[in-house]
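Chains as they are written, first to last, in the numbering used here: chain A, 8 to 401; chain B, -9 to 265; chain C, 7 to 278.
I should point out that these hints are in silico values taken from the structure, not numbers from a laboratory.
Accuracy of the hints is not assured; some may be wrong.
To be verified - The following label-pair restraints were derived from C-beta to C-beta distances:
(1) A/R10 x C/E135: 57 to 65 angstroms
(2) A/V39 x B/L6: 50 to 58 angstroms
(3) A/L220 x B/Y33: 23 to 31 angstroms
(4) B/E46 x A/A214: 37 to 45 angstroms
(5) A/D258 x B/A18: 21 to 29 angstroms
(6) B/S74 x C/E71: 56 to 64 angstroms
(7) A/S350 x B/F36: 26 to 34 angstroms
(8) C/A106 x A/R86: 32 to 40 angstroms
(9) C/A203 x B/F13: 53 to 61 angstroms
(10) A/R86 x B/P25: 54 to 62 angstroms
Virtual Cβ for every residue (Gly too), placed ideally from N, Cα, C.
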Amino acid sequence: MSRARLRAAGLVAPLAVFVGVTFAVPVVLMLVRSVYDPTVADVMPETLARLEEWDGRGAPGEPVYAAAAAELMRAADERTLGQVASRINRVQSGLRSVLVRTPRLLRETPAGARREALLDIDPDWGDPATWHAIRTAGDALTARHYLHAVDLDRATDGTIGRRPEEERVYLRLFARTFGVGLTVTALCLLLGYPIAYLIAHASPGNARWLLALVLVPFWTSLLVRTTSWIVLLQTQGVVNDLLVALGLVADGGRLALVHNMTGTLVAMTHILLPFMVLPLYSVMRGIPSRQMAAAASLGATFAQAFRRVYWPQTVSGVGAGSLLVFILALGYYITPALVGGQSGQLISNFIAYHMQTSLNWGLAGALGGILLAAVAALYLVYDRAVGIENMRLG
Amino acid sequence: MTLSPLGSRLARGAYLAVCGLVFVFLLAPLLAIVPLSFNAEPYFTFTEGMLRLDAEAFSLRWYREVAGDPVWRRALANSLLIGSAATVLATGLGTLAAMGLASRAMPGRRLAMGLLISPMVVPLVISAAGMFFFYSALGLAQTHLGLILAHAALGTPFVVITVTATLSAFDRNLSRAAAGMGAGPWLTFRRVELPIIAPGVVSGALFAFAASFDEVVVVLFMAGEAQRTIPRQMWAGVREQISPAILAVATFLIAFAVALLWTVEWLRGRVRAAR
Amino acid sequence: MSGCDEGLLERIDPATLAAAPDGTPATDDFLPDTLLECSVGTLFYSTVFAYNDERMPGEKPATLEDFFDLERFPGRRGMRRTPLVNLEFALMADGVPVEAVYEVLDTPEGLDRALRKLDSIKPEVVWWEAGAQPPQMLADGEVVMSTAYNGRIFNAQVLEQQPLVIVWDGQVLDIGQLGIVAGTRNLDAALEFVRFASTAPSMAAVSSHIAYSPARRSGLALVGTHADTGIEMMPHMPTYAENTRRVLNSDWLCWSDQMDAMNERFSAWLAQ
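With the sequences and hints as input, model every part of the structure.
Structural data, given as structure tokens:
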């Protein structure tokens, strides 16, 4: 390698290592969780090995029961039983208490056939579904979280099918997230294009001020902007007060503008609008104003001149701004959480929910993996089309 | 159909009105909460007194409350500490990397750029979740150091992008001329390159600082009680109870944003002047 | 409870807890179901529903059924964003007697029935997450009624003079517990604190600030007046006879088994 190459690589290396360790590795490990969880396999290896010989119908034989009894008791002593029980319970609801109760009661039963002892403790131990659940949870390497993330399920016979209607959530949620992203992108384009045009073709003095008006919200804290929208849009808020004062809305019929999808769309459009205006402005600034005048002097109407002369030259800016807004919108979490109510929640909110509340980390990882794949694909398009280093920051 | 002069004037008027409304949409939310933060009452809607511009309807009550509250004071201290430490880390590493990336000799440039920019592209919830597990395992969750490292990682893309942009305008002949006159790489960097890219470095640093100062998702996942920052405190306030105290903090943050914007624009002017 | 099984909490020997002022051992003094393997119950709190008297002209809601009655009481309702308690409320309002609620809920048909009942008010529900939200939403008129923790409503009533009214009918009673994170370096200090916080005077002291009632008989006997305003606390307690004509004791065993499945169903239901 030449000296110049070495020098360049040497300069980049410290940051590459830093970002790798503090950021990339953690994200990759989180995604690994979505396909790999050895908890049950580590605690019940013998049981799982014996279950290999089970035909999947009816109750398994005594060796399986003996192994399960021994391993559950050891898990209780080592206090890993709860983790195992909660993993299995997630596959088959209702087994948690059976699993937790079993070792305690086993200690009080005399030695002998474990099968009878377990069946005495709970009839669930005779149900093939229980053993299927243990076997499923015991798969350290599994695709079931990804299946779950797209509302699919694998039946005990191995076939994959859709989950029952009342359990389908995530496809709808992905669709909603994409829908919100597209809507916000369209709104930003609709609002951003006229003002970008205004700024790009204003006198330099005016342009500076107008641009500052776009950049002040850009630099203002996300939480401040979200808070402002709550203050403006709530039932007793400024917008409703104004509508009532103008007589457009009755005092008793105040509009629900926040804590629903409306709140999410309005606040996100506001927050992302500068990301649309800036690339549009960059492109438009390079288009001489004289072009439109020239087209008009040749007899073109404004609409014709715009469509044939101006718009084609701004398409690259429209693409750059739209991609950027769409990518950012897909990952939005804070704003929907604060102003979205129930109907305005996006996929990120569910990832956070499974991380923090339901503690279903495998599912959180799978949902995150799908979202990340979508974002990464869009990023590649952006990098090809615009070049990441040409991104204009503020 | 060509528009008549009157028609074209009307069309232009309508267009300016639309632009005006968009600017109102952009700025009204910020403008509305500033006066509300001076509300003498514990409400966040305009009272009749405020609309009459009655002096008694306004007060500094909420500013006093925030300034006197140890929780907010600690949040400010945390935000400043974490923000500045993360900025120093991000700026140092980011500037070096940008200089490497600007070189045509850099091997695997596209891939390296992808890795270095990824903290800005990956949705924050995913970053925060991954960091939570990883930093917990290392005992770094619920520590200031953990948040500093996390925020530094999130801030580096801004430094890399701004400094790379400045360097692309940089005339390499200057470095070669310095080397030709016998200056070593360090002397060339310090006396020739750094002064020219300095505005880019500083504005990258400001972006990195602003990113940390405003970051709340990673803080939500990783911070303990002792690491609560201003955005974390605002999040709690907004979720539970928006008191005008939150609006007082918000007004302070808007003023801070204006100051940052002004500084960055001034620096941008310097970069342009240097070209 | 799940924390104990999962090895997240230290075991606490009830025999080491302080005896009542009259010498009754702790194990006899604590009310039934308040002492668990890894935690000590200190107070009873309850989820009730409340309304704003000033914003409810005319007829006032008096029963849990009224909360689900959009015809007689139109307007938005606040509920906590969780299946917990809401499913129980729904079944009780749908005519399931208190004793049978968990039995019904434990069946797929029961769960469907509860969700169907919630369906009837779903478009009008504003979901809250933090306990401070319901009193705020009621005061602002964001909702006409809301489920809430009884102590939060009490605080809004006496400390902020908000005209909020609690409807005790169909309240769901639960026990606030103290536990110790397993493997802590400060185990002795933590045990010391649990012992202190679970004495009768400590419990009574908490009850002089917020309307949550002591988990031991000797503590209940010490409940007096509110520390700031001097009003009698007993009538505001969730365990007060007047307030317990229809009360459901939250069943943790049912929930620890069904929580994942219920959460899953509930999220799906919310998203639909």
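Margin query: I'd like to know which numbered hints this structure contradicts. Please list them from smallest to largest.
Written below: none
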